[in-house]
Amino acid sequence: MSIIENHTTNGQPFCKDPKLTARGVGVFYGEKQAIFDVSLDIGANEVIALIGPSGCGKSTFLRCLNRMNDTIDICRVTGAIELDGEDIYDPKVDVVPLRARVGMVFQKPNPFPKSIYDNIAYGPRIHGLAQSRVELDEIVEKSLQRAGLWNEVKDRLHAPGTGLSGGQQQRLCIARTIAVDPEVILMDEPCSALDPIATAKIEELIDELRENYTIAIVTHSMQQAARVSQRTAYFHLGQLIEVNPTDQVFTTPEHALTEAYITGRFG
Amino acid sequence: MTKSSMTTREKVEKSMKRRRAAEQRFRMYGVASVLFGLLCLVVLFGDILSKGTSAFSQTVIETSITLDADYLGLDKNADDQQVRLANFEGLIKQHFKDMVQPDGRKERRQLYSLVSAGASWQLQNMVLNDRSLLGQTIEVALIADDDVDQWFKHDRGHAHNAMLNETQIGWLEQWAEQGILKTRFNTLFFVNGDSREPELAGIRGAITGTFLTLLVTFLLSFPIGVAAAIYLEEFAPKNKITEFVEININNLAAVPSITFGLLGLAIFINIFGVARSTPLVGGLVLTLMTLPTIIISGRAAIKAVPPSIREAALGLGASRVQVVFHHVLPLALPGMLTGTIIGMAQALGETAPLLMIGMVAFVVDVPAFISDPSTVLPVQIFLWSDSPERAFTERTSGAIIVLLGFLVIMNTAAVMLRRRLERRW
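Listed in order, the protein sequences are those of chains A and B.
The opening residue of the first sequence carries number 1 in the working numbering; numbering runs sequentially from there.
The opening residue of the second sequence carries number 1001 in the working numbering; numbering runs sequentially from there.
Just chain A, with the same shape it has in the complex:
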C-alpha cells in the first residue's frame, strides 16, 4: 500500500466551535515524511478519537498539538495549528505556557519517582498556581478526586507514586495533568498498558472530563473509540482518510480504507 495521490479527507473534518484547528499539517523526520497535509478541527468539549493502524502517524499528529515533537531534533512540522485562533508554531510562542494549556497523558504511566502528593503538586508549583500550602493541598485533593483516585490514596499521599498499580498510576498521571487546569488533554493510548478493569475506570473518567476539557485520544481499541468519543478520525499511512461522528464511522464508513480497518482486514 502506498499513499493516495491527491487525497482529500472524507467526511466532516471541520466543526463549528473549534478549540484546535490544524490546516495542512505535514511532519518530517529528517527526509522522511510521516504526515501528509492533515487538516482537522478539534471542537470544544468534545472527545475525538484518532484511530488507525500502527505507524499511521496518529501519535505524531497528537504530539504536534502541544509541540512535544520539538524535543526530537530531526522533527520538522509544516502547516498551521491554532489554539483558540492563535498559531502555536509562531516563533514568538513559548512552549511552556502552551503545554500548560494543552496537557498530555502518555501511553505508559510515567509518574515521577516522588510521592503521590508531589506528583500532583509539581505542575501547580512550577506554574505558581497556588499561593499557599492550603491552596496547594486543595488543588491536589480536587485533582485526585476528579481522577477518581482520591479515596484510594488519601491515606498515603506521601507514599511514592511509583508504588501504585498500573491503573492507579495512569489515573495519577491524569490527575497530574488536570492539576494545572489545562484546556485540552491529549491522550496517547492511555489504556494500552492496563487491564480491562483499569481501562473501564479510565474510560469512565474520560467521559466525566469531557464536561470541562477538550480531549483528543489516540487508541488502538475500536471499542474504546466507540465508547468514549463523539467524533473519530481515521489515519492511514500519514494521511487523514476520514473524519465523521463516531457512530457513523463504525456503522457506515465512507471510505473503503476505513471500512477495511474497522472490519479487521488490516491493522
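To be clear, the hints were calculated from the coordinates, so they are not data collected in a lab.
Hints may contain errors.
Unchecked claim - Straight-line Cα separation of at most 30 Å, DSBU-like style, residue types lysine-lysine; simulated pairs: (1) B:1093 to B:1076; (2) A:32 to B:1240; (3) B:1303 to A:32; (4) B:1097 to B:1153; (5) B:1238 to A:108; (6) A:32 to B:1238; (7) A:154 to A:142; (8) B:1240 to A:92; (9) A:114 to B:1076; (10) A:32 to A:108; (11) B:1106 to B:1076; (12) A:114 to A:201; (13) B:1106 to B:1182; (14) A:92 to B:1238; (15) A:92 to A:16; (16) B:1303 to B:1240; (17) B:1093 to B:1106; (18) A:92 to A:32; (19) B:1051 to B:1153; (20) B:1153 to B:1182; (21) B:1182 to B:1097; (22) A:108 to B:1303; (23) A:108 to A:154; (24) B:1182 to B:1051.
Unchecked claim - Restraint ranges, calculated between C-beta atoms of paired labels, are given here: (25) B:1227 to A:101: 30 to 38 Å; (26) A:197 to B:1227: 43 to 51 Å; (27) B:1330 to A:80: 34 to 42 Å.
Glycine included, every Cβ here is placed at the ideal spot set by N, Cα and C.
Add chain B to chain A, keeping to what the hints say.
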C-alpha cells in the same frame, strides 16, 4: 541417506552432548579467570602486607634520664628560644656513656649512633611543654636509630646485620634482655612529614598534600564535569561541532597522564606562573585528567534516566532547565557521584603527571594550604622506594598499605552511595 533417516529428536539429542560440553568448558574458563585474578590479588596484598606491616611498629629504648638543668644551662624560667638552643644531644650522649661505659672514641661513636637524631627532639619537646621537668629524672622511650630498629624487628638472633658491628649488637642484646629495647606503635609514621632519617620519616605531609590536591581536583572537576555532561546531553544541538567535542572528550580520557603533567608544566606553571609543587597546580593537572571520566560517567547517568520522566515533565509545561534540575539531575546524581569517586580514586593514585610539575620534591613540612609546597602519597612512595636504607623499604610498603586503604574506602563509598541513592522508576 542414513543421516536424514534420524528423527528430529535424535538429532537434537545428539547436538545436546556437544552443547553441554561447550557450556561446561566456558564455565571452566570463567572460573579459571576469576581464580587467576584472585590469586594475583592475594599475592600482591600478601607481599605488601608482609613487607609493610612492620612499618607500623617502631623500636624505642626505654630509659630513665636525668634532665640536668645545669648541664643544659636552663632554669625554670627559660624561654622557648633558650630551650631550643640547649644541648639535649649532649645530655643523651652523656647518659648512654654513663650507662654502657664505652671504650675509647670509636666505641663512643658507635654507641651514639644507636640512638636516633630525633631523641634530642623528644626531650626538647617535653621540656618545651613542661619546664618543671628540669632537674628531674624521667622515664622516656627514646627513638632508636633505624639500623637498630631493623635489627630488632627482623634480624635479631637469626640473621646477619651489615650495619651493626659485634660490639653494638652486644650492647643491644644486653638491652633487649633487660627489657629496655622495645617496639611500640609507630605514631611518628602518621604525624611526621618526610625525613632523611627513616625512623623519623612519616606520611602526614604526603597525606595532607594528597587531601589538599584532591580537594582542588574535586572542587574544579565535579562542577565543570557535571555542567559539561548536562549541557552535552540535554542542551547541545546535535551537530558536527558537538560530535567533534564528544569524540575529543573520549580521546582525552585515553591520553597518557604524563602528557597532562607536561601540559600543566607548560601552561599553568610557565604561562600563568602558578607556583610549582603545590597542591593547587597538582589539583589543576589532575582536574584535566579527571574531567573526561566525570563527563563520560555523567553522560551515561543522564542517558540512563528514562525519557518518559522527561516527557512527563515537559508535558506539564516544565522548561528544559526545570526538567533537568527537578527530574533528570536528582535521578542521575548517584551515577555521577559514583563516576566522580572513581575518577578521584584514579587521581589519588596518579604519580606521573605530578612528577612533571615538581611535586616530587623532598618536603619536610606538612602543607597547611593549597599554595604550600607539598608532595602526595604515591609520589612519596616513589621517593622512598628509591632510597637505599632498608627501613625505607618497609616504609614504602607501609605507605602503600595506607594508599590502598584510602582506595578501598573510596571505592566502598562509591558502591554504598550508589546503593543508597539508587531509585526505581
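query: Taking 30 Å as the top limit, are the C-alpha atoms of residue 1182 (chain B) and residue 1051 (chain B) close enough?
result: holds (20 Å)
- prompt: Keeping to a limit of 30 Å between CA atoms, is the pair of residue 1240 (chain B) and residue 92 (chain A) held or broken?
  reply: holds (28 Å)
query: Has the given pair, residue 1093 (chain B) with residue 1076 (chain B), been kept, meaning a C-alpha gap of at most 30 Å?
result: holds (23 Å)
task: Please work out if residue 114 (chain A) and residue 201 (chain A) have their alpha carbons no farther apart than 30 Å.
output: holds (24 Å)
message: With the threshold set at 30 Å, check whether the alpha-carbon distance from residue 92 (chain A) to residue 1238 (chain B) stays at or below it.
response: holds (23 Å)
- request: Sort out whether residue 1303 (chain B) lies within 30 Å of residue 108 (chain A), counting only the CA atoms.
  value: Distance ~19 Å between residue 108 (chain A) and residue 1303 (chain B) Cα, so the pair holds.
query: Taken at face value, is the distance from the CA of residue 1076 (chain B) to the CA of residue 1106 (chain B) at most 30 Å?
result: violated (36 Å)
field: Restraint status (C-alpha distance of residue 114 (chain A) to residue 1076 (chain B) at most 30 Å)
entry: violated (70 Å)
- prompt: Can the restraint linking residue 32 (chain A) and residue 1240 (chain B) be considered satisfied, given a maximum Cα separation of 30 Å?
  reply: The given pair, whose Cα atoms are some 21 Å apart, holds under the 30 Å limit.
- prompt: Does residue 32 (chain A) lie within 30 Å of residue 1303 (chain B) when you go C-alpha to C-alpha?
  reply: holds (26 Å)
Satisfaction of hint between residue 1153 (chain B) and residue 1097 (chain B), Cα-Cα up to 30 Å: Distance of about 25 Å is within 30 Å: holds.
query: Are residue 1330 (chain B) and residue 80 (chain A) spaced within 34 to 42 Å by their CB atoms?
result: Hint holds: Cβ distance 39 Å, inside 34 to 42 Å.
Going down the numbered hints, you'll see the structure goes against 9, 11, while the others check out.
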